[in-house]
Amino acid sequence: MRRSSLESTDTVEPLFADEPALKSLVRPTFDTIRRAMGGCAVSTIWVDSDLDPTREGFRVSYDKLYGPGSTFVMPFVASWLSTGPGEDPRSNIILLPNGIDRTLVAYAQRVGLLGHVEYVGDLRSIKDTVVASKKKVYSIDDLGDFDEHSLVTTPMGKWLNSKDDLPTITRFAPSEVVLDMYDATSAHFRNAKRGDGRVFLKTCNTESAGAGVFIANTEDDYHRLLQELREKQARFGLNRKLVIQPEVKGRNRSFQVFLDPSDVEHISVVAITDQLVEADGKTYKASINHAITADNVRHAGPMIVDMVARVRERYPDAFGFLMCDYFETDTGVVAFDPGIRPTGNTATAMAAHLGRALTGRHPSTTLLHLRSGIENFTYERFVEKIGALADMDNLRRDGRAVLPWGWNHLQGFGVLICIADNQAGADALAEEVKALAAR
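Quick note on numbering: the sequence shown equals residues 401 to 839 in the numbering used here.
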């Protein structure tokens, strides 16, 4: 894989050539997605309370939540969007934090996953690096007053990443009430409570990692949560809007598509997944990525086409990953959490496309959260333990490989992507890796 995606001749592949309503939906390849990222700077660094203390009320830093080095994990996801090695002037730049494990970066460059990197520190450093590059930034997060240099502007990001304007984004929105949180009453809970279903309260501050979702099982829960939300709003001066949504029961799923304003005829379907969440019912754990085929995409096709049309109507230059979590129910699909950003599943989906490029098959990918318990455990030391499984050529030869999603060397914690021919094989590989890492 030691080549730039800019040299690739791959093209997108039709999924519904004979179905006019869905004809725009196509299957991309690993190279077509990365090639479309050419010429920009890419950042999956959240602007959290460490970078911007004014965001403490809705975006607490991962280091404060989960310990030192935790903020280094997600930024590496941008590496999967690199155009790859090479000096082509159309190559992109991946922004990574200064403190990231440099052996992880060296590994990614050695195997050909990652090309040009710039290391950044505080928010000013991020902005200065983007300006100096003379490229626009594709960022997972808004950078404040920086729209002149951003591919996703602040108004676009707020519209698509908040939770209070869903009916304008999709005609598949759930039944919900949007109101000032200080006007919420018991009647709103009772109207939203359906049988043994739960009631979801959602704040509208573009939080990350499920931080803006709260679940009430009982009316007492509801009033306790309302009190906490109001106190937090008053303390930090947050948005007062609140969404009250009845629980939707169905198969928890998600899609990601890639929007390229230079190719408005096509919508590249990057991922169709089953969502796996933690016991709290809201925090993302992992995804099961399904092969991008007509059969697997058809149920979500009308929702995707509708949402993309609305986005492009308001923002003709919309660029990047448009995603939405949704439920597949007995009566159809219900969209509940859109966004225009890379997600926790972006790297995992890209790994599946890479596997298809190298093997010609649709592999399965699964996330492994590896907790070694070893402080200052670098990625290079981890690679030494797992041997050939970390070799990209092993994926081509044997259909199996372990590749990085992100790594925290300070705590010896990593999120890894296990790739195999099927889900059982990927799960077995995850167990094998845990055993090897423990030696």
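Keep in mind the hints are simulated off the structure, nothing from the lab.
Hints may contain errors.
[As the list claims (entries may be wrong)] Here are the computed lysine-lysine pairs in the PhoX-like style, where the Cα-Cα straight-line distance is at most 25 angstroms: (1) K536 - K558; (2) K535 - K593; (3) K527 - K464; (4) K558 - K593; (5) K527 - K558; (6) K685 - K834; (7) K685 - K649; (8) K464 - K632; (9) K685 - K464; (10) K535 - K423; (11) K527 - K593.
[To be verified] Beta-carbon label-pair distances, calculated as ranges: (12) R590 - Y519: 27 to 35 angstroms; (13) L465 - G486: 21 to 29 angstroms; (14) R712 - R490: 23 to 31 angstroms.
Glycine is no exception: its CB is placed at the ideal position from the N, C-alpha and C atoms.
Structure-based check of each hint:
{"no.": "1", "hint": "K536 - K558", "result": "19 angstroms, holds"}
{"no.": "2", "hint": "K535 - K593", "result": "49 angstroms, violated"}
{"no.": "3", "hint": "K527 - K464", "result": "24 angstroms, holds"}
{"no.": "4", "hint": "K558 - K593", "result": "28 angstroms, violated"}
{"no.": "5", "hint": "K527 - K558", "result": "20 angstroms, holds"}
{"no.": "6", "hint": "K685 - K834", "result": "18 angstroms, holds"}
{"no.": "7", "hint": "K685 - K649", "result": "19 angstroms, holds"}
{"no.": "8", "hint": "K464 - K632", "result": "18 angstroms, holds"}
{"no.": "9", "hint": "K685 - K464", "result": "20 angstroms, holds"}
{"no.": "10", "hint": "K535 - K423", "result": "33 angstroms, violated"}
{"no.": "11", "hint": "K527 - K593", "result": "46 angstroms, violated"}
{"no.": "12", "hint": "R590 - Y519: 27 to 35 angstroms", "result": "53 angstroms, violated"}
{"no.": "13", "hint": "L465 - G486: 21 to 29 angstroms", "result": "38 angstroms, violated"}
{"no.": "14", "hint": "R712 - R490: 23 to 31 angstroms", "result": "24 angstroms, holds"}
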